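J.: Residue numbers (the working numbering), protein chains in the order written: chain W, 1 to 180; chain A, 1 to 628; chain V, 1 to 457; chain X, 1 to 482; chain Y, 1 to 109.
Just so you know, the hints here were simulated from the structure itself, not pulled from any lab data. Remember, predicted model here, so these are calculated numbers, not experimental data. One or more hints might be untrue.
Mimicking DSSO-like on lysine-lysine, the simulated pairs with C-alpha atoms at most 30 Å apart in a straight line are [said to hold, decoys possible]:
1. A:Lys28 <-> A:Lys600
2. Y:Lys108 <-> W:Lys127
3. A:Lys369 <-> A:Lys450
4. A:Lys600 <-> X:Lys152
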Amino acid sequence: MVYLFYLFAAISVIAALVVVAARSPINSAIALVVCLLSIAGHYILLNAQFLAMVHVIVYTGAILVLMLFVIMLLNMNEEVEVRKPLITRILAILTAGLLLLVLLAATRQGLEMSAPESFNPGIGLVKAIGMALFHEFLIPFEVSSVLFLSAMAGAMMLAKKDGTEHVNLPPSSEPKDPAA
Amino acid sequence: MVRTELLAILVPALPLLGVLITGFGRRKLSAYAAGGIASAMVALSFVLSLLLFLGHDGQTHIVHLFNWITVGEMNIPFAFQIDSLSLWMMLVVTGIGSLIHVYSIGYMHDDPRVATFFAQLNLFTFAMLLLVMGANFLVTFIGWEGVGLCSYLLIGFWYKTPEFNYAGRKAFVMNRIGDVGMVLAMALMFLQFGTLNYVGIMDQAGSFAPSNPLLVMATLLLFLGATGKSAQLPLLTWLPDAMAGPTPVSALIHAATMVTAGIFLVVRSSVLFELAPYTQDIILWVGVATALFGATVGLFQNDIKKVLAYSTVSQLGYMFAALGVSAYSAGMFHVTTHAFFKALLFLAAGSVIHALGGEQDIRKMGGLKGVTKTTYVTFLIATLAITGIPPFSGFFSKDGILASTFADSPLAYGVLVFAAMLTAFYMFRLLFLTFFGTYRGTAQPHESPKVITVPLVILAVLSAIGGALNIPHVFGGSEWLKNELATAVEGMVGEHVALSASTEYTLMAISTLLVVITIWYTWTLFGKKTTLDGEPADMPFLKRLIAKRWMLDELYAFLIERPYGWMSRHFFSIAETKVVVPFTIGTGKTTHGFAEWLRKVQTGNTSFYLFGLMLGVVVFLLITYFSA
Amino acid sequence: MSALILISVLAVLVLYLGLYNKKSWLAPLGILGLAGAIVLFATGWHIPHHLLAGMLEFDRFSIGFSIGMAAITLLIFLFGPDYYTRMQQHVAEQYALMLFSLVGGFLLSSYTNMLMLFLGIEILSIPLYVLAGAKKNSLRSTEASLKYFLLGSFATAFLLMGIALLYGLAGSFDLGVISAHIAGAGSSDLVLNFALFFVVTGLAFKVGAVPFHFWVPDVYQGAPTLVTTFMATVVKMAAFAGFYRFIDITGMPDALARIMVLLVLATLLVGNVAALRQTNFKRLMAYSSVAHSGFLLLALLTDTGPGSTVGATLLYYTFTYSLATAGLFVLFTIAKRANNGAEHNGIFQGLFAAKPWLALCGLAMFLSLAGIPLTAGFIAKYQVFLLAIGAGWLKVMGFGVLMALLGIYYYIMVARELFVPAEHPTTFVVTPLNGLVISACAIGVLLLGLWPALMAW
Amino acid sequence: MELLALILIPFLAATALLAFRPAAAAARGLALTSTLLTLAFALWLWYTWTGVAVTGISHDWVPAWGMRFKLGYSGIGLLMILLTGVLFPFIIGTGYKQPTGDPALVNSMLLFSQAALFGVFMAQNAFLFYIFFELSLIPIFFLLLFWGGEHKRAITIRFFLYTLLGGLALLFSIAYVTLQTPLPHSADFSALAALELPMSTQYWLFWTMFLAFAIKMPIFPFHSWQPETYVMAPTQGTMVLSAVMGKMGIYGVVLFLFTIVPEGALHWTNLVLVISLFGALYAAVIAFRQDDFKRLVAYSSMSHMGLMCAALFTWNAYGISGGLYQTFAHGVLMVCLFYIVGMMYQRVGTNDLSAMGGLKTRMPRMALLFMLVVGNAISMPLTQSFVGEWLMFNGLWQLDHWMAVAGVVLIVLGAIYMLYAYQRVLLGPDRQLEVADADDEEHFFLVPLIAITFVVGVFPNIVLHLVDGPVQQLLNSFTSLP
Amino acid sequence: MEDVMTAIRVVPLDHYLILCFLLFSIGMAGAMLRRNILIVIMCLELMLNSVNLLLVAFSAYHGDAGGQVMVFFIMLVAAAEVTVGLAILVQLKRNTEGVDINQLNRLKW
């Protein structure tokens, strides 16, 4: 079973790299699907079956479909993105690399956490999650409805076509700085 | 006592009243009214002084008016000290002063600002009276500064001429330099004695050992003040320039009264000076050097008033030489006689100038003795007095000084006698060139009116017989003035000339003889000349140097004036506008530059923002990591 | 809690009204609801609520902040009808989104669980992303919205990473447990320090601390002025309330303090210096917001545990800052309309001649922002001074003083414009309601400055 | 109640002016009336002075931070109150002949600053002091910004920032020392004076406090705002700045440094003395060759302030009393001098001295007035300045002979530049400039001021007795220092 | 569920940490590297998912359901965010005919 972890890990990292590197948005999206699916695999490995299910449904089922939908809608499947200048890319990779390095260096110190002796295999099940959600985490659950409402209302408001003219102000409508 | 107090207050108050009347009424009063009021005030003052003097009992009276400055331990009263010294000076000031006031009525009546002139003259009298009457250094200092200001105002009375203004400022600033010493001396004495009252200080001074460094310092600083006011080396160049003022001013301020303030101050503090022999030596030699300096420069001056000015410098040097050898009475005596004959000289010179319509150059005079008889006679008497021909007043006073000096330092005596010969030379040169020979000018000479000549006559009388005030013992006199002053001047106690009568006679004979020979020599040079040769172009170096007044003015200009002006300009143009202000502005500009840069960092590029955000995270993580 | 529900329901109600195009009812309803919420909060003042499995806690701090935020929102709603006169569509949505966002603010001021912190921040932010782009036909608005969205999401990712690590270490999301864990852990626990730092990053982004401030000027400028006002005031208050709640439990370990000091210094420096050369008023206010964040962070820095007055200081500072900022933005809108939409600082010219009272109100608010005595801004800064000096951060404070000086400079430069005669005739149209809002803000700022005890608890 | 009245009268008058913007005559009348009222109150306080410090009002403000609305005055404060009370009617009066701008607004600004200045001099709480200290700046800021001369914006801002820098440093110090007081904290001066701060703290605290006052006075090298500001400012602004606001620095030194950080002050005495005396000499030298009349007076003011500051640090009764006394003298002098500068500017149209000269023929009355003022400026005895300078020299001498020499040299330099300026303005050949002589209104303005200088010069004790007690008290507290 | 226990026992927690950090960093790099806003959003999702994975791992190791609930909420929020983000993107596309991040350059300085 342990190899499964490394397999999934490899798949997710490679897929993530492809997301970043792919030149076409479609390819990126597909790589992201792969990556997310492999993460779902990790969830199963970690005995979070319910979460794995939700993950697949929400991400691959909803979010990614939405993204693909947008890609289609905006008609940019053919579009090939212009790369950024080399120096920018190097700097970006350097920064991310440094972040990784320093994080890894911190973990080398080790978390004071060993595998539990007794393991409750039930925590990942629907029942356990449900109990937690509706007892301990009831308030957040209810409050998240506000979040959804606002996201919904907002998205509707933005996405709806008003039919008004698009007025683009010139880049700099303010007068010159007299002090400059 | 009440009478003394009232009189003592009235004496300075009357001239002050005169200031107010003539000052406020300067538009409405006629020239004669203003002059009359001013003269009356001073004359009244003189009468009151005389009353005080006659009623004086030889004691020291303090007339306390009110507490002036009270801070902490310091209590400086506004008080007058009435003793024989101040009384004597009051008599001299108001006496000579009233004569000169009267004289000015005639001399200045044409000037449009005559009332202002009298107001300032009265103000001067007031200040001079405060100076001599003050019961402590600070009250004296009021007068001290006051006469300086009046001197400034009166020198620059004809303000339209820039040179006159310059002369006024020069006088004031040089006096101020002396005042630095005066102020510091006062601060020192206050710290040491806890009071500035003359009485208090003189009482306490006795407890100090002679040559105590503090006393030496105090006396030196006081003497610095005196050099400024009395035009001693090195602070003397202002006095000749001060002749820019109207002639009565020269007579009153720059000959008879103000310039003797330094001598008065030293005599006033004689106790201190007695305890500081080191200072006394300095005073002696400064006096001797000044006497010689004044006399040499006087030789080649062609401005009638300038000659007299240098003569004043020289005579003041004599007085200081006397003080330097503790001959206070001789000094004071010379102050008095000098006041008589020098005032007379100036007034007579003024009369001549008046007669010639403003001409001051002696090369353009000559042969006036026939035209201006009174002036000529009085001038002659004064000249005889100043050269020390017996029995004129100058002989007695100068002889006292010479004798005292000889007892102390024969070398100084020698120099002073030499200076006396020079004095005789330039004074008679002046006399001969002015009144003898033939007239070389263009104006129409005429004798001055009575209002001018009467004071001349009075002064001439005084100059002639003034010596009677202090006839020395060798002539059977009683040294009246000395005895009178001795009640007030404690330092005078130790003053006696340790010379035998024969030595004194010999000394008198020598100096008189030398002076007479010099006069004869001068007669041969100038007496019979009808025309005046031009100055030879190739004067020897020394002569040229002397004619240029030893280059002292040039030296000051080179050493002080020009560097100061340069400093003033460049402190501003370099230190101020190139360093201090730019530093402030620069800080602002740098900040603005930085602000501009920060503004541009906000590129609007979201990727860059992301990059910045993440770079921040990484940097902070690294810091956390490495500092753990 | 009831106020929370009230505002949520109110938002839904407003949305619902929007369906019926009852535009004129929206603001009154919102104001009524907000007033109700304030009353509800106020009645719960003395009763400490420890609510619902340790998710929220309504103590004095949170109630104070909640009332403050509701009050500022109320002021903004008062300004709303005038601001939205010309807009026909989506007005209800915007009111509702603001209310939703306010709910997030309430949560941030009262959370006791990291999950609620996360939800609070999201509820606060997501409506804002939309609101920033509410001027749908303006590219600037959209750009602001997108920038805010992108940067904000990344900041959230960092926040989440921090929460996850904390969870990994402490085994719980509860602040109490985490606090106990931090207290027990050594200061050299790198992962813990990283975790704390990640959370701080997420929060620092919201308050606009340097170097997480890049969004601030752009979004403030691009967003509709009303939204900018909301962002600069309510959102800032909420973010600092949340920040405080988190910092308060950490006990400020050295590693965190080190980071916080750097944040403070950088924020003070950039906020104040960059503002010097701003000519666009909204950007200027954005940098001013950053600069004030620097002072507020300095106050946070001194929070080393219970008994400190940091919470009260934060409330006073943010509330008075919000008052002044809100008033100035209203004034700005008036001036902007009078100048055909220009946004530079010069648009205030001629205000004193035309509307002296408003100009003086504006002056009071500028002076308050600058921290001149007798205004609330001064008292606020002084409190921060006292805190920082009391905690021994003398040098940091010294730097703060210098930066405060720069702050005074740029506020005064704009305040000056109020009194400069206009170059060309401008007509300032002021509705009574706007005048009321501005006056209320100015008077509030002065009143609180003269009598700071009004807000002591 | 008188204390509150002193603040409220000008404040209300200013508010009324701002609110109703009356016409010129009414505005001036109102302003003048209110300043005369405050003068009456100030004189009343002076008349009833018994030598005991007075606390008028004490009201809690924010107890937690030691803030307290506490007004009162000691003799030193009363001196300053008197100065403010006496000078402001004249400063307002300047506006009649030399109007600055819209009288309602200008006078309103001036009155606001007067109210704040009274507050500064009456505050008995450090925090309150600071508040008034800063508030006094705001109206002046607007005065300069809107009615200043060339480059007004840049110079005003520089001035403003510079002074604020000092102010904030002061605030910082106040916050620090307040926190050092025992609980409950108190920022009352009495509580702060009772503090015994450790030496190491006093060392730096001295400078953070001194910075504020050094800039305000100003003394070298914190003066770079001053000459340009004075030149640029309208006459009334310059008067307020130089005659009254600069004195806040002197007052603050005594109030803060000598009571709160005496050991720190003692430790830095020599340095302060050296920089202030150097600055005094430096300014005096610069003043000599200035072509700009106003700038010349500005530098002369700086020179005087340097001497005053040095005198304060002599640690003896003469220096401190002299310095405080001189604040009064200098205040009066500055109003006179700047008024004369303004008169000349009005007539000749420039401050350039080289454009003047020979005017005495045209304006003899003016010449007399100016000469009387010059007499005061060069500290002639029997004018006010002399007493102060004499005391200051005395104080300096008691401390160090060379410092005294440096100080006394100032009277020479002062004579040099003032007389030179007098000559350049008035003396010399008539240049046929068509100028009017000083008229009755100008006499009405200058004569009382000149009279004050003489009256107080002859009877200095009427001012000195105010400061005598407090200075002795200060000195007693010094003697207990290690 | 033996396999799960095995996985937890055999795979050290550190490995999960490393994996998550790796994914997080890749996501971050991608966000900076790419100009297509859609892909930037994808990278964001990547980062969020790495956090999710970390939480699940911690949850398993702690034997606490809280972590999984948190993940649940994160998913909800991510969904909401993406919804809004895409809506804004659509708006942008309407205004500028593109989704290049460099087009966002009106607001600066």
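J.: Given the hinted pair Lys600 of chain A and Lys152 of chain X, is their alpha-carbon gap at most 30 Å?
T.: 29 Å, holds
J.: Run the distance test for Lys108 of chain Y versus Lys127 of chain W: straight-line Cα separation, threshold 30 Å.
T.: Not satisfied, since the Cα-Cα distance of roughly 52 Å exceeds 30 Å.
J.: Could you grab the alpha-carbon distance between Lys28 of chain A and Lys600 of chain A and see if it respects the 30 Å cut-off?
T.: 76 Å, violated
J.: Tell me if the straight-line CA distance from Lys369 of chain A to Lys450 of chain A falls inside 30 Å.
T.: 17 Å, holds
In terms of the numbered hints stated before, the structure departs from hints 1 and 2, listed from lowest to highest.
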